[in-house]
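2 protein chains.
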Amino acid sequence: MEPWQLTAAAAAVKLREGRLTAEALTRSCLERIAEREAVVKAWSFLDPVLAISSAREVDKSSVMGALHGLPIGVKDMIDTADMPTTYNSPIYQGLRQGRDAACVGVARGEGAVILGKTDTVEFAAAGRRALTRNPHDTARSPGGSSSGSAAAVADGMVPLAFGTQTGGSTIRPASFCGVYAMKPTHGVVNTEGAKRYSHTLDTIGWYGREPADLRLVAEAFRLFDLDRPLEKELQALRIGLCRGPNWHLAAAESREALMLAGQRLEAAGAVVEELALPQAFEGITEAQRVVLLGEGRGAFLQEYVAAHARLHADFRDRVENFAGISGAQLAGAYNLAAECRKLFDALFPRFDAVLTPAAVGEAPLGRQDTGNPVFNSMWTLLHVPCIAIPCTRGPHGMPVGVQIVGPRFGDAALLDVAALVASVIDAA
Amino acid sequence: MEPWQLTAAAAAVKLREGRLTAEALTRSCLERIAEREAVVKAWSFLDPVLAISSAREVDKSSVMGALHGLPIGVKDMIDTADMPTTYNSPIYQGLRQGRDAACVGVARGEGAVILGKTDTVEFAAAGRRALTRNPHDTARSPGGSSSGSAAAVADGMVPLAFGTQTGGSTIRPASFCGVYAMKPTHGVVNTEGAKRYSHTLDTIGWYGREPADLRLVAEAFRLFDLDRPLEKELQALRIGLCRGPNWHLAAAESREALMLAGQRLEAAGAVVEELALPQAFEGITEAQRVVLLGEGRGAFLQEYVAAHARLHADFRDRVENFAGISGAQLAGAYNLAAECRKLFDALFPRFDAVLTPAAVGEAPLGRQDTGNPVFNSMWTLLHVPCIAIPCTRGPHGMPVGVQIVGPRFGDAALLDVAALVASVIDAA
Numbered sequence: 001m002e003p004w005q006l007t008a009a010a011a012a013v014k015l016r017e018g019r020l021t022a023e024a025l026t027r028s029c030l031e032r033i034a035e036r037e038a039v040v041k042a043w044s045f046l047d048p049v050l051a052i053s054s055a056r057e058v059d060k061s062s063v064m065g066a067l068h069g070l071p072i073g074v075k076d077m078i079d080t081a082d083m084p085t086t087y088n089s090p091i092y093q094g095l096r097q098g099r100d101a102a103c104v105g106v107a108r109g110e111g112a113v114i115l116g117k118t119d120t121v122e123f124a125a126a127g128r129r130a131l132t133r134n135p136h137d138t139a140r141s142p143g144g145s146s147s148g149s150a151a152a153v154a155d156g157m158v159p160l161a162f163g164t165q166t167g168g169s170t171i172r173p174a175s176f177c178g179v180y181a182m183k184p185t186h187g188v189v190n191t192e193g194a195k196r197y198s199h200t201l202d203t204i205g206w207y208g209r210e211p212a213d214l215r216l217v218a219e220a221f222r223l224f225d226l227d228r229p230l231e232k233e234l235q236a237l238r239i240g241l242c243r244g245p246n247w248h249l250a251a252a253e254s255r256e257a258l259m260l261a262g263q264r265l266e267a268a269g270a271v272v273e274e275l276a277l278p279q280a281f282e283g284i285t286e287a288q289r290v291v292l293l294g295e296g297r298g299a300f301l302q303e304y305v306a307a308h309a310r311l312h313a314d315f316r317d318r319v320e321n322f323a324g325i326s327g328a329q330l331a332g333a334y335n336l337a338a339e340c341r342k343l344f345d346a347l348f349p350r351f352d353a354v355l356t357p358a359a360v361g362e363a364p365l366g367r368q369d370t371g372n373p374v375f376n377s378m379w380t381l382l383h384v385p386c387i388a389i390p391c392t393r394g395p396h397g398m399p400v401g402v403q404i405v406g407p408r409f410g411d412a413a414l415l416d417v418a419a420l421v422a423s424v425i426d427a428a
Numbered sequence: 001m002e003p004w005q006l007t008a009a010a011a012a013v014k015l016r017e018g019r020l021t022a023e024a025l026t027r028s029c030l031e032r033i034a035e036r037e038a039v040v041k042a043w044s045f046l047d048p049v050l051a052i053s054s055a056r057e058v059d060k061s062s063v064m065g066a067l068h069g070l071p072i073g074v075k076d077m078i079d080t081a082d083m084p085t086t087y088n089s090p091i092y093q094g095l096r097q098g099r100d101a102a103c104v105g106v107a108r109g110e111g112a113v114i115l116g117k118t119d120t121v122e123f124a125a126a127g128r129r130a131l132t133r134n135p136h137d138t139a140r141s142p143g144g145s146s147s148g149s150a151a152a153v154a155d156g157m158v159p160l161a162f163g164t165q166t167g168g169s170t171i172r173p174a175s176f177c178g179v180y181a182m183k184p185t186h187g188v189v190n191t192e193g194a195k196r197y198s199h200t201l202d203t204i205g206w207y208g209r210e211p212a213d214l215r216l217v218a219e220a221f222r223l224f225d226l227d228r229p230l231e232k233e234l235q236a237l238r239i240g241l242c243r244g245p246n247w248h249l250a251a252a253e254s255r256e257a258l259m260l261a262g263q264r265l266e267a268a269g270a271v272v273e274e275l276a277l278p279q280a281f282e283g284i285t286e287a288q289r290v291v292l293l294g295e296g297r298g299a300f301l302q303e304y305v306a307a308h309a310r311l312h313a314d315f316r317d318r319v320e321n322f323a324g325i326s327g328a329q330l331a332g333a334y335n336l337a338a339e340c341r342k343l344f345d346a347l348f349p350r351f352d353a354v355l356t357p358a359a360v361g362e363a364p365l366g367r368q369d370t371g372n373p374v375f376n377s378m379w380t381l382l383h384v385p386c387i388a389i390p391c392t393r394g395p396h397g398m399p400v401g402v403q404i405v406g407p408r409f410g411d412a413a414l415l416d417v418a419a420l421v422a423s424v425i426d427a428a
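Residue numbers (full-length UniProt numbering), protein chains in the order written: chain C, 1 to 428; chain Y, 1 to 428.
Worth flagging that the hints you see were computed from the coordinates, not collected in a lab.
Here a beta-carbon is modelled for each residue, glycine too, at the ideal position from N, C-alpha and C.
Worth double-checking, as some hints may not be accurate.
[What the hints assert, rightly or not] One-sided and incomplete, this derived list gives chain Y residues near chain C with beta-carbon spacing under 8 Å:
1) A102
2) R108
3) E192
4) R196
5) H199
6) R222
7) G298
8) Q302
9) V305
10) K342
[Said to hold, decoys possible] Just some of the chain C residues that point at chain Y, by a computed CB distance under 10 Å:
11) G294
12) D345
13) D411
[What the hints assert, rightly or not] Listing some non-contacts, in silico: residues in chain Y with all C-beta distances to chain C over 10 Å:
14) Q5
15) A139
16) G156
17) K232
18) R289
19) D369
20) H396
21) G397
Could you put together the complete structure from these sequences and hints?
Dropping the structure here:
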C-alpha cells in the first residue's frame, strides 16, 4: 500500500509512531497528484518543492499536534502566507497575503503540511466555476464550491482538505465525490482569512476518507471542549429520520439513500424515528436565500467599487441588490432563523442525531452545474454541525451520501455518532 | 482657517468644487499631526510621502465617490495593502497584507486618502493598550479600543477615521474625546480584513466631527439602500429616553448628560418619552459577556497554537476558556440576543430613535483603564445602529456624550435623526 492510500487517521498513527515521515507521505501524495491531476484538475496552486520543504520542517520537530505530518489541501478561498490566493477571481490573480487564514494557521501550528490550494467556484459563490472534475466520472461535477478539495480527497491526492460552506459547498461535494465531510457549528472555527460571502452563513469545513479523519481536524480546533462525549453504543442511538421541507426536490437516489441509511441503522439495532420539523421550518430555505443575497450585497462592495470591470456580473447584481432584499426582510429572516435554531436544539437529547439527505441526487453532468444546495442551505442557516457519510450509488454509478446533523455546539457528540454509524451506513 | 480644521463634510464640498485639493488637505493634516503627535500619540504608522502620493493620485482622477479627497485614519486592527498592520500585537510586527480590508478598499474606491494607521488596544480586545492620550487632557485615556482613531479626529489630525466595536470600542471613545461616531447595523459593513474578536459582535465604525461627516462614510457603504429616509422635522420626532439595565453604573455626569439631552430635545419641540425595556433585557449585558468570551475562545486559537509565547496572557486565558463558557451557555446567549433584537425593533416606529448613555462618565485617568463598555455592549449585541453625539462636560471639564440608537437596518433614518438633533444636544 502506498502512503497516499492511507486515510488521515491511519497515517497519523504511523507518523506518531515514527513509521512514516511527513516527507514520505507528502512525496507520495505528490506522486498521486502527478499521475491524476491532468484529469481531475483539483489544484489551483501546487509547489512540490515548497510542500516537501514544509514536510521536512514538520519532520524536524517533535509531535506538534493533532495533525502532525498530515498533508492538507486548502480551498483557494482561504489565505495562505506562503502561497498565492486567488478566490478564483480575475481581480486577485497573484495575490500574496502576509499571514495565514486562521484555520490554516491552526492547522500549521498543529503540525499539518499545507500541500497546496484547491480550485473553487469564484468567491465560493457564483461566477466562474472550478476546472475540477469528479474523479468517479470526469464528465461530471465534483460539486461546488469546494470542488477541488472534495475531488482531491476522493482521488487520494491528499488525505485532508479544507472547504467552506455558505449554502451547501462542503457537504454536497462530499456526497457527489463519495467522501466524508464535516461542517462544524457556525462560528467555532474562525473564518478569518477566508473570503467573505455571508457572515451569518460562511463556515469552514473539511474532508476526509473516514470519520476518524474528521475527528483529527476537530481536535485541532478544540471542538471537544464545547460539548460532552456521547458515551453510547450503536444500539442505544436514537436517530431522527428527517425528510425536511425540500423532500419533493430529492431525486430517487437521494430518497433511496436516506431510506437505506435508516434501514441499515435499524437493522444494526439503533432506534430510527421519523422526524417532522415544526411548521416554522417551512420558511427556512427562503430565509437562507434572503440572508445569502442580503449579505452578499455588502460582501462584494469592495470589488464592485475598486475593480468593477473584473467583477463577474453575478456579484455586481448582488451589490446592486437585484433581488430587492430590504432591511426588514433581512431582519425577518434573522428572526426566523433564530426561532428555528432554538426549536431544532430542543429536539436533543430526544435524538442523538438527525439523518437527512446530503444532496438532491448524483453529481450533475458538466462543469457549469455544481448541483443544488437545497438540502444543505437550511442546516447552514441553522448553524448546526453536519457530517456527510457516503451511503450508496445512483443510477449512473455515482456516489450518493446522506448527512447526520446535531444541535449547535454538539460537534463532539456528533463525531461520536459518526464513528458509530458510518460503517453501517457506508456499506459500499 | 487651515484645511485640517474643516470637518469632512465641509472639506468634501470644497474638494468637489475644486476649491481644495486632496494634496493640500492631506498636507495640512500632516502638519497638524507633526505639531501634535508627540503629545497625542494617535498613530502607529504614518508615512507622509505615501499619504501625499495617494492624495495626488486622487487629485488626478475625476470625483471618485462619497469620500473623494478626504483623508481617513485606519485603526491598526484593519488591514491595508500599502501599510503595515500590527493589531498592536508583538506577533504581527511588520505584517504586510496583500490586500486592503474590505472597508479600506471601499473607502479607497470612493476616493478616500488612507492617511495612516491609528493605535489600538491589542487585537482591539485586551492585553497591550494604545499609547494614545486624550487630546482634551493628556493625563486621561481617549478610551479604547479605537483609541488613536477617536483622538486623531478629536484633535484635528484627520477628518475621518475607522474604528471597530465589539463591546464599546467605537462609541465610548467618541464620548471621551468629544466627537461624533457611528456604529452601523452589524453586518452591513464587511468586517473582512479586520482582525476577528467575536464574529457576532465585531462591527466597523467611524468617527467624524459633525453628523454630516458620518453620513459621507455611510454613503460610501451604500447604507441608504436598506432603509427609507426619515422625512420628519425635529418637532415631529419621538425619542425614547432609555436609562437601560445598567443605569446604576452611570456616573453623575453621564446621568446628567442623558437628562440634559432629553430636556434640550423637549425644549426644541421633540416628544421625549421614558422608555423602559422589557424584562428580557435584564440578561442582555451578561449575554454579551458570554458571547464575547465564548467566541474569543476560537478567535485567538491561531496565535495560541502558532505563536504561544508572544500571545498576551489575556488571550491565552480566552482560548483556554478560563471563564468556563459552555456551548449551551453560548446558545442560550444567542437565543436571548435574538429575542431582544426582535423586541427592540418592535419599538419602532413608535419611536424614531432611542436616546441612551454613551459611556459611564468622563474619560478615566491613565493609559491602562480605557473605560467601561457597559453602556455599549448590549447595543453591540443587539446589532442596532448607534450614533454618538457630544453633549456636555463632566466635573473635570472632559467631554461627555450620549448616543442615539435605531432598529436594525435603520441606519439611514438614524443619520437623519442625528442631523436634526445633534445641534440641539451638542450645545457645548
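May I ask which of the numbered hints given earlier this structure violates, with the numbers listed in increasing order? none
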